[in-house]
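*Asks:* Given next are the chains, with one letter for each unit.
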Amino acid sequence: MTGNAGPPAIVEIEAVTKIYKLGDVEVQALRGVSLAVQPGEFVAIMGASGSGKSTLMNILGCLDKPTAGEFRLDGHAISTLDSDGLARIRNRTLGFVFQSFNLLSRTTALENVELPLLYADVPGAERHKRAREALQRVGLGERLHHHPNQMSGGQQQRVAIARALVTQPKVILADEPTGNLDSETSIEVMLLFQDLWRAGITILLVTHEPDIAGFADRVIMMKDGRVRSDKRQQPEDARQALARAVAQREQEHQREASGA
Amino acid sequence: MTGLQTIRIAGKALMRNKLRSFLTALGIIIGVGAVIAMVAIGDGAKAMVEKSFSAMGSNLLIIMSGTTTAGGAHGGFGSMPTLTWDDMVAIQREVTSVQYVAPQLRSTAQLITEEQNWTTSVTGTTPDYFQVRSWPIAAGANFSQSDIDGATKVVVLGQTVVERLFGPNADPIGQLVRVRNIPFQVVGVLSRKGQSPTGQDFDDNAFIPSTTFMSKIQGGLKKYLQGSIMANARSAADTSRAQRQITALLRERHNLQKGVEDDFSIRNLAEMANAQQEGTKTLTTLLASIAAVSLLVGGVGIMNIMLVSVTERTREIGLRMAVGARRFDILTQFLIEALTLSIAGGVIGVAAGLATAKQLASQFNWPLLIRPQIMVIAVGFSAVVGIGFGLYPARKASRLDPIEALRFE
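Heads up: the sequence lines are chains Y and Z, in that order. The opening position of the first sequence corresponds to residue 1 in our numbering, with each subsequent residue numbered one higher. The opening position of the second sequence corresponds to residue 1001 in our numbering, with each subsequent residue numbered one higher.
It cannot be assumed that every hint is accurate.
[Stated by the list, open to error] Derived Cβ-Cβ restraints for the label pairs, each shown as a range:
hint, chain 1, residue 1, chain 2, residue 2, range
1, Y, Arg106, Z, Leu1026, 19 to 27 Å
2, Y, Ile19, Z, Leu1026, 32 to 40 Å
3, Z, Leu1026, Y, Ala68, 17 to 25 Å
4, Y, His253, Z, Tyr1392, 54 to 62 Å
5, Z, Leu1026, Y, Glu256, 39 to 47 Å
6, Y, Leu242, Z, Val1300, 55 to 63 Å
7, Z, Ile1007, Y, Ala243, 44 to 52 Å
8, Y, Pro7, Z, Ile1007, 43 to 51 Å
9, Z, Glu1312, Y, Gln234, 45 to 53 Å
10, Y, Arg226, Z, Lys1012, 43 to 51 Å
11, Y, Glu256, Z, Ile1007, 34 to 42 Å
[As the list claims (entries may be wrong)] List of simulated lysine-lysine pairs, DSSO-like, C-alpha gap at most 27 Å:
hint, chain 1, residue 1, chain 2, residue 2
12, Y, Lys65, Z, Lys1396
13, Y, Lys129, Y, Lys65
14, Z, Lys1153, Z, Lys1223
15, Z, Lys1153, Y, Lys129
16, Y, Lys21, Y, Lys129
17, Z, Lys1396, Y, Lys21
18, Z, Lys1222, Z, Lys1153
19, Z, Lys1396, Z, Lys1012
20, Y, Lys65, Y, Lys223
[Claimed, not checked] Which residues of chain Z face chain Y? A partial, calculated answer using Cβ under 10 Å:
hint, residue
21, Pro1136
22, Arg1320
23, Asp1401
No lab work stands behind these hints: they were computed from the structure. The C-beta atom is built at its ideal place from N, Cα and C for all residues, glycine as well.
Turn these sequences into a full structure, and let the hints steer you where they fit.
*Replies:* Right, here's the structure in full:
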């Protein structure tokens, strides 16, 4: 426990280390990371590959257990849970967004979004309703029955965000969510994250792009398995950034048109 | 997650790869189909054997005269008349497990009508003969005890003889037929009996009273019965007992000392039928076992495809785990996929097996016999195969590390 006043932290890790054994070699991926995230924060975790940010993300996502150290998520002592307990936390408290979307192919957007609710034992009618609402919230109310291969990358990532939202999680974990998207679509997705953040959801986002990290209100730099810096900042407004990007694209378009 | 949802998810996963699912199930389809068809064929063959033996008469015992030995040459059964008419009466009266007894005196004779002639087997017997053989009269009447007492010249004809002499569907009752040039009146026609187990036509036969037979067709000693005695036991279970009782009675009547060979022989039709059925059963078991092996091969096919499927869907498994699937959820999902494949294969296999059995039955002209429990066993067995061979891939899927599964390319 940290001595900070204010609301209790939703994510709290204390002196977490993670050691992988690759054959005879031990790799220290995390060398004592301590971190507290308050509810309603939008945290970007940055760092080069090998800095330990993915390992940290896996631990925060309850997909992996730390070798040593404490991890509390929404009041649960995660280190003490078994695999079913972790599955329950992933289902109820967390929402995941991946770089490669990870949608089920040949499965409609609606069914993809319903997936977490299946494992939460939500009955059919309620499941459809909530999945439809989640898709409407990410602006895909018209594409409920489209398959992933009938959608653009940005739309697919929106379906994935709807899937993360549908269980009404307290924390959304996004691992390079814009890594497979062009810059304008990236800003659109970040706008969506900012909207969710403003609605009160805590967001933890891993990225290696400073532009993307600029949309968060706190940036944590990782290096060699340690937190190198942890700064709060005034987040850039995604709506304005999107307007600028659109204006710039139109200008370039006009210039090309007049030039030709 | 409820069972119904798990089944639905499994069904969807299988429908995504329709051709592959079908080909995987094909192993089970062929296995179950083969088992169903083989058992049906075996049952059909068994029923054929049963039918032809029961055509001989139910629970039938045939008692024949003994052998002669002249200068070291054994004459074979019936070559010496040892059975007497009194023996027959004694069997009827004293052997409780015997229901009906009748003599069977046989000869071959030409039957002549005004237009046709036909050489057939002529049997001299008593009215009970048709009870012994469980052979009802189809038209007219049986001859009676008074016909025996008076040695009247009446004849009961088999269907084949009627067809040959009078044409099909003719009514010969009351007509005259000459047997060895002696006119006989046709009093009855027997129902169709079919073939003996050895292919002999039972319906190619004419029956006359035993007394008439002895006086007009084939003379002989009054005391001895120049043929065999047919007896039927009260039930199938009684045949062996009846055989023992008759043996004891005849040995006593013939004054045979201990150690002396029987001077008669008894054929137990039920025993012959049993022996034949044992053979059929062995064959059926053999065929069904081979078919069952193909079912196991089908199971290996399911395991193979399920393993491929687990590898292909590693990312899907990782994702399901990330959004909250427990290991048990993943295990049941893949297990139910394997089970769905095998049960669907089993059901289709039953249908295919029935169709094959029906085709074969109509081709070989034997009865189509399907035991419902065989279908249940076949589908149940394929379900067991599905679980057995689906368990390993399902366990493999459920034990994947979600991080590595999500990273899998």
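*Asks:* Against this structure, judge whether each hint is valid.
*Replies:* Hint-by-hint comparison with the structure:
| no. | hint | in the structure |
| --- | --- | --- |
| 1 | Y:Arg106 with Z:Leu1026: 19 to 27 Å | holds (23 Å) |
| 2 | Y:Ile19 with Z:Leu1026: 32 to 40 Å | violated (49 Å) |
| 3 | Z:Leu1026 with Y:Ala68: 17 to 25 Å | violated (53 Å) |
| 4 | Y:His253 with Z:Tyr1392: 54 to 62 Å | holds (58 Å) |
| 5 | Z:Leu1026 with Y:Glu256: 39 to 47 Å | violated (59 Å) |
| 6 | Y:Leu242 with Z:Val1300: 55 to 63 Å | holds (57 Å) |
| 7 | Z:Ile1007 with Y:Ala243: 44 to 52 Å | holds (50 Å) |
| 8 | Y:Pro7 with Z:Ile1007: 43 to 51 Å | holds (44 Å) |
| 9 | Z:Glu1312 with Y:Gln234: 45 to 53 Å | holds (47 Å) |
| 10 | Y:Arg226 with Z:Lys1012: 43 to 51 Å | holds (46 Å) |
| 11 | Y:Glu256 with Z:Ile1007: 34 to 42 Å | violated (56 Å) |
| 12 | Y:Lys65 with Z:Lys1396 | holds (21 Å) |
| 13 | Y:Lys129 with Y:Lys65 | violated (35 Å) |
| 14 | Z:Lys1153 with Z:Lys1223 | holds (22 Å) |
| 15 | Z:Lys1153 with Y:Lys129 | violated (96 Å) |
| 16 | Y:Lys21 with Y:Lys129 | violated (45 Å) |
| 17 | Z:Lys1396 with Y:Lys21 | holds (22 Å) |
| 18 | Z:Lys1222 with Z:Lys1153 | holds (19 Å) |
| 19 | Z:Lys1396 with Z:Lys1012 | holds (21 Å) |
| 20 | Y:Lys65 with Y:Lys223 | holds (20 Å) |
| 21 | Pro1136 | violated (65 Å) |
| 22 | Arg1320 | holds (7 Å) |
| 23 | Asp1401 | holds (8 Å) |
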